[in-house]
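K.L.:
Place chain E on chain W using the hints.
2 protein chains.
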Amino acid sequence: MSTRPPSMRDVASRAGVSLSTVSRVMRGAPGVAPQVRERVRNAADELSYVVSRNASGLVTGRTGRVSVVVPYLKPWFFGSVLAGISEVLREADLDMLVYQVGDLRPQPGWTRTLPLRRNCDAVITVSMDLSEEECHRLDDVGVPLVLTGQRVPGRASVFIDDQAGAAGATRHLLNLGHTRIAYIGSRGDSWYSGSSMNRLRGYQAAMGKAGLTPWSLIKPPGHEGGEHAMGELLSDLDPPTAVLAEFDDIAMGAHRALRRSGIGVPEAISLMGFDNHEGAAILDLTTVDQSPADIGAAAGRLAVEITEGTRPRDTHLEMPTQIIPRQSTSAPRSVRGLS
Amino acid sequence: MSTRPPSMRDVASRAGVSLSTVSRVMRGAPGVAPQVRERVRNAADELSYVVSRNASGLVTGRTGRVSVVVPYLKPWFFGSVLAGISEVLREADLDMLVYQVGDLRPQPGWTRTLPLRRNCDAVITVSMDLSEEECHRLDDVGVPLVLTGQRVPGRASVFIDDQAGAAGATRHLLNLGHTRIAYIGSRGDSWYSGSSMNRLRGYQAAMGKAGLTPWSLIKPPGHEGGEHAMGELLSDLDPPTAVLAEFDDIAMGAHRALRRSGIGVPEAISLMGFDNHEGAAILDLTTVDQSPADIGAAAGRLAVEITEGTRPRDTHLEMPTQIIPRQSTSAPRSVRGLS
Chain W
23 MSTRPPSMRD VASRAGVSLS TVSRVMRGAP GVAPQVRERV RNAADELSYV
73 VSRNASGLVT GRTGRVSVVV PYLKPWFFGS VLAGISEVLR EADLDMLVYQ
123 VGDLRPQPGW TRTLPLRRNC DAVITVSMDL SEEECHRLDD VGVPLVLTGQ
173 RVPGRASVFI DDQAGAAGAT RHLLNLGHTR IAYIGSRGDS WYSGSSMNRL
223 RGYQAAMGKA GLTPWSLIKP PGHEGGEHAM GELLSDLDPP TAVLAEFDDI
273 AMGAHRALRR SGIGVPEAIS LMGFDNHEGA AILDLTTVDQ SPADIGAAAG
323 RLAVEITEGT RPRDTHLEMP TQIIPRQSTS APRSVRGLS
Chain E
23 MSTRPPSMRD VASRAGVSLS TVSRVMRGAP GVAPQVRERV RNAADELSYV
73 VSRNASGLVT GRTGRVSVVV PYLKPWFFGS VLAGISEVLR EADLDMLVYQ
123 VGDLRPQPGW TRTLPLRRNC DAVITVSMDL SEEECHRLDD VGVPLVLTGQ
173 RVPGRASVFI DDQAGAAGAT RHLLNLGHTR IAYIGSRGDS WYSGSSMNRL
223 RGYQAAMGKA GLTPWSLIKP PGHEGGEHAM GELLSDLDPP TAVLAEFDDI
273 AMGAHRALRR SGIGVPEAIS LMGFDNHEGA AILDLTTVDQ SPADIGAAAG
323 RLAVEITEGT RPRDTHLEMP TQIIPRQSTS APRSVRGLS
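Top to bottom, those sequences are chains W and E.
The opening position of the first sequence corresponds to residue 23 in this note's numbering, with each subsequent residue numbered one higher.
The opening position of the second sequence corresponds to residue 23 in this note's numbering, with each subsequent residue numbered one higher.
In isolation and in its complexed conformation, chain W is listed as follows (with noise of 0.2 Å):
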């Protein structure tokens, strides 16, 4: 027995208790009297017991292991989403490994460079707006598939209805008054995102069922095309007076652009987001939110149950927003001189 690492037997049987209650001591799992997790706590210290995967995998025939693919890991929208799968993941004693497609995505065959097949249990895509064909090929797989930020029917997926959310949002500044008002959008290389194209339709549906004519401006994403498209809505003849951007980066950029040239937010021009981005309350931003950790957590908990066979594999789970509202938007200036 001295050579032979401790096994989580051994821990049960030194601290009088059984394998599962041990196995949610170690996870971290709820449920355990603070009593009794102190005596495996202390049962596993003495035997220098540490968490193998191993061992469960042999027993269920499965890897423990949920795969989390991501376009990029720096933007914070994806660092929120992984802690919410990490947490449940935990919680349901899975390993998350995590994919970042990044610059491989423009090639056809990106799909099969990840490590996919037989080393994880289930895939959890994140905002990648996948295609028909690219779900195709992640189905060779051999794993359920869990999509969140796209919504395809007949298949698992987790999504906000952006429409109805950059709807809610142009309403907001139509209701305070604004009738002048420009929506500044992002598309890639040559695509549009879908959530792109949708939250471009909630505004467009808006303005016009307010009998308006939409105005929007579309750039690439990021700080730098909202700052870009605040400059060329300065320099119009007659610039709007108020401005709703597709996310918070955009509207962040947008801001600097007002700040360096001297323009007050609200006074002179509102401003509203989309996101909720932890900048955007830095910069009393109104913004839409949409809790990117509850949809990690929703997706997370999706792919177990999945896995399991207590859910359907075409489950669809749409995350509610809401819209934040502060200091930047207010009502347009001529409003406020007839009040």
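Calculated from the structure, these hints are not laboratory results.
Where is the CB? At the ideal position from N, CA and C, for every residue including glycine.
Wrong hints could be hidden among the right ones.
[What the hints assert, rightly or not] Facing chain E, from chain W, some residues (calculated, C-beta under 8 Å):
#: 1; residue: Ser45
#: 2; residue: Met48
#: 3; residue: Pro52
#: 4; residue: Glu68
#: 5; residue: Ser70
#: 6; residue: Tyr71
#: 7; residue: Leu95
#: 8; residue: Lys96
#: 9; residue: Ile304
[Stated by the list, open to error] Computed footprint of chain W on chain E, listed as stretches where at least three residues anywhere in the stretch have a Cβ under 8 Å from a Cβ of chain W:
#: 10; region: 59-69
#: 11; region: 134-145
#: 12; region: 148-155
#: 13; region: 185-196
#: 14; region: 216-226
#: 15; region: 322-336
P.N.:
Coordinates of chain E only, in the frame set by chain W:
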């Protein structure tokens, strides 16, 4: 052959190239001619070949995985470090497991709750500020350990010189002509992190050398800490003309307090952060860049090299920092008045 999944060997033989060429193409590594790449992709396509992690594991006796342990996943810093690690690991054909320790950390046995044993070939910790005892616990896992964000004698560490960085930042403000320079630092519930301690020391040392009395406020980490501290400084009998924050999040909270109070930055108060958060660019905040993606890439390479035995286990890599001057710092009014 109809039911056996196609192997990398099948792809190599169909494309008429070596196994290692297929491997390079599949993991997106450079150094393969475009036509060859195309041929390999077509062969893989025709065979519906998908990379499997198992095959290589059986050959090398390794798991093909590196575990990354982070305190939290939400803050921007960790996403950037993970992006750097991820790119290096992909290049080395290794998978990345990510563990968020979060609220488990205060529990004394948290290292045991991570299923690291026989589950990965190396462990990278990111800004965990591990104690000697925690390092020993992770040694029990039996694979190389690479620490980032802290410098531990005798152990593989990737770090910046926080003390020198903060001293340089302080000198930047001194050189602009400021003498009333306050410092906003952070500490957790009951402890300072090593990095917090070193940045505070750097500030104190630079002030001392200039014959000035250090003036530091220590708050809980985050925007709120910066906001509260700035509130205190603004209610001082003789407020500072410049403020250095331990990191950009704190500076951004301080920036919001100043904006809400209508106090000009840098006209009335110069403000400087540390880290080069993406929000710092948005706010035109002068800061100290520490390039977390480079730190991640260096840690990833070190983990790979130590695992392969080509780098000693006690390698220390000090990463550079640099001051990024932006519009939030300038000479104080009195100095400007004289010039």
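K.L.:
Which earlier hints can't be squared with this structure?
P.N.:
1, 3, 4, 12, 13, 14, 15
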